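These protein sequences, in sequence, are chains C and B. Per this note's numbering, the very first residue in the first sequence carries number 9; after that it's consecutive. Per this note's numbering, the very first residue in the second sequence carries number 9; after that it's consecutive.
Simulated from the structure, these hints should not be mistaken for lab results. Do not take every clue at face value.
[Stated by the list, open to error] Quick list of the computed label-pair ranges, beta carbon to beta carbon:
#1 A40/C / A118/B: 40 to 46 Å
#2 K15/B / D39/C: 35 to 41 Å
#3 P55/B / K15/C: 22 to 28 Å
#4 D158/B / E35/C: 26 to 32 Å
#5 K15/C / K10/B: 48 to 54 Å
#6 E165/C / I146/B: 21 to 27 Å
#7 K26/B / I146/C: 40 to 46 Å
#8 T19/C / K102/B: 50 to 56 Å
#9 K26/C / D158/B: 33 to 39 Å
[What the hints assert, rightly or not] EDC-like cross-link-like pairs, simulated, lysine to aspartate or glutamate; straight-line CA separation at most 16 Å:
#10 K84/C / D158/B
#11 K148/C / E37/B
#12 K167/C / E140/B
#13 K161/C / D158/B
#14 K84/B / E50/C
#15 K148/B / E37/C
#16 K148/B / E65/C
#17 K84/B / D149/C
#18 K84/B / E35/C
#19 K167/B / E114/C
#20 K84/B / E37/C
#21 K167/C / D110/B
#22 K84/C / E119/B
#23 K84/B / E140/C
#24 K102/B / E67/B
#25 K84/B / D39/C
#26 K84/C / E67/B
#27 K10/C / E65/C
#28 K161/C / E119/B
#29 K148/C / E35/B
#30 K84/B / E65/C
#31 K167/B / E140/C
Given the structure is predicted, the values throughout are model-derived calculations rather than measurements. From the three backbone atoms N, C-alpha and C, an ideal C-beta is built for every residue, glycine too.
What follows is the residue order along each chain.
Number of protein chains: 2
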Amino acid sequence: MKVTVRKALKTDMSSVLKLIKELALFEREPDAVEVSEKELIEAGFGPSPQFNCLVAEVENTVVGMALFYPRFSTWKGRSIHLEDLIVTEAMRGKGIGRALYDKILEFGHAEGVRRVQWEVLNWNEPAVKFYENSGATILKDWWLVHMQEDALKNYIENKE
Amino acid sequence: MKVTVRKALKTDMSSVLKLIKELALFEREPDAVEVSEKELIEAGFGPSPQFNCLVAEVENTVVGMALFYPRFSTWKGRSIHLEDLIVTEAMRGKGIGRALYDKILEFGHAEGVRRVQWEVLNWNEPAVKFYENSGATILKDWWLVHMQEDALKNYIENKE
Chain C
9 MKVTVRKALK TDMSSVLKLI KELALFEREP DAVEVSEKEL IEAGFGPSPQ
59 FNCLVAEVEN TVVGMALFYP RFSTWKGRSI HLEDLIVTEA MRGKGIGRAL
109 YDKILEFGHA EGVRRVQWEV LNWNEPAVKF YENSGATILK DWWLVHMQED
159 ALKNYIENKE
Chain B
9 MKVTVRKALK TDMSSVLKLI KELALFEREP DAVEVSEKEL IEAGFGPSPQ
59 FNCLVAEVEN TVVGMALFYP RFSTWKGRSI HLEDLIVTEA MRGKGIGRAL
109 YDKILEFGHA EGVRRVQWEV LNWNEPAVKF YENSGATILK DWWLVHMQED
159 ALKNYIENKE
């Protein structure tokens with residue numbers, strides 16, 4: 009089985025959105041995806057792209073993707089954030105995720121960043137093990153905080 | 009006491025770095041700060057700035073800062089990430105943090121993002137309470153994963 013990893017094109021965003029929705033279902037948040045194909049195209053392929061995206065193909069079909077962008081750590085400086093790395097369920101366990109993972113880490117290393125970072129659900133044991141085995145550090149004492157659009161609106165409109 | 013919140017200038021980066029180091033000490037990681045004033049200036053004030061920074065001043069002295077930048081959520085699209093919000097210890101409890109927090113949320117709201125997000129240490133109870141009271145959601149089932157520079161180098165050099 010030949011796996012090709014290449015830079016995503018605008019025309020891949022439909023397949024990429026399908027993978028995003030598949031992952032949201034796995035993460036028990038099937039209704040959380042509000043982003044549209046149009047937004048992915050505008051954000052990723054406009055004059056100042058907000059992310060980079062790789063896709064993995066087998067026999068000319070997109071079966072995986074990795075989406076990442078720069079962040080700035082006040083401790084480490086420039087870093088790379090891996091937002092999503094997804095392989096469609098039927099194609100897991102074939103080294104496709106590893107191929108994408110390697111490309112991202114190689115990219116970070118080549119860019120000279122002090123850190124590549126991402127987030128993992130604490131019940132996703134195989135993923136946690138995989139990351140630990142590759143040398144990554146799991147930080148268990150931080151919580152994520154999200155102020156969603158409706159809460160944001162509510163806060164702005166009701167503060168003194 | 010008059011608090012002024014304004015956009016940070018290059019010349020504020022020395023004060024900003026002091027605040028970053030003060031926070032790292034509070035977070036029990038005094039040696040984690042590798043970033044330099046020069047890096048802050050290059051990253052924040054170059055041709056394609058990697059972050060925005062606000063400072064809070066009292067009597068022409070910088071006593072607080074907030075550093076943030078855009079991220080891209082595959083669920084919500086464009087979002088704002090608040091990397092750090094710091095008020096120097098002697099000036100806490102005077103509404104300075106709230107003034108910075110408000111500005112960031114107003115900025116996110118004005119930008120029309122679907123989410124403003126950040127991270128909090130799970131033992132920092134006052135901060136967690138403050139965020140919850142303002143309408144933010146605390147996500148406790150995610151872990152952060154960091155591949156630091158040395159682990160990255162090691163992985164790249166030793167993978168098959």
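Task: Earlier hints that do not hold, by number - done: 1, 7, 13, 16, 17, 22, 23, 26, 30
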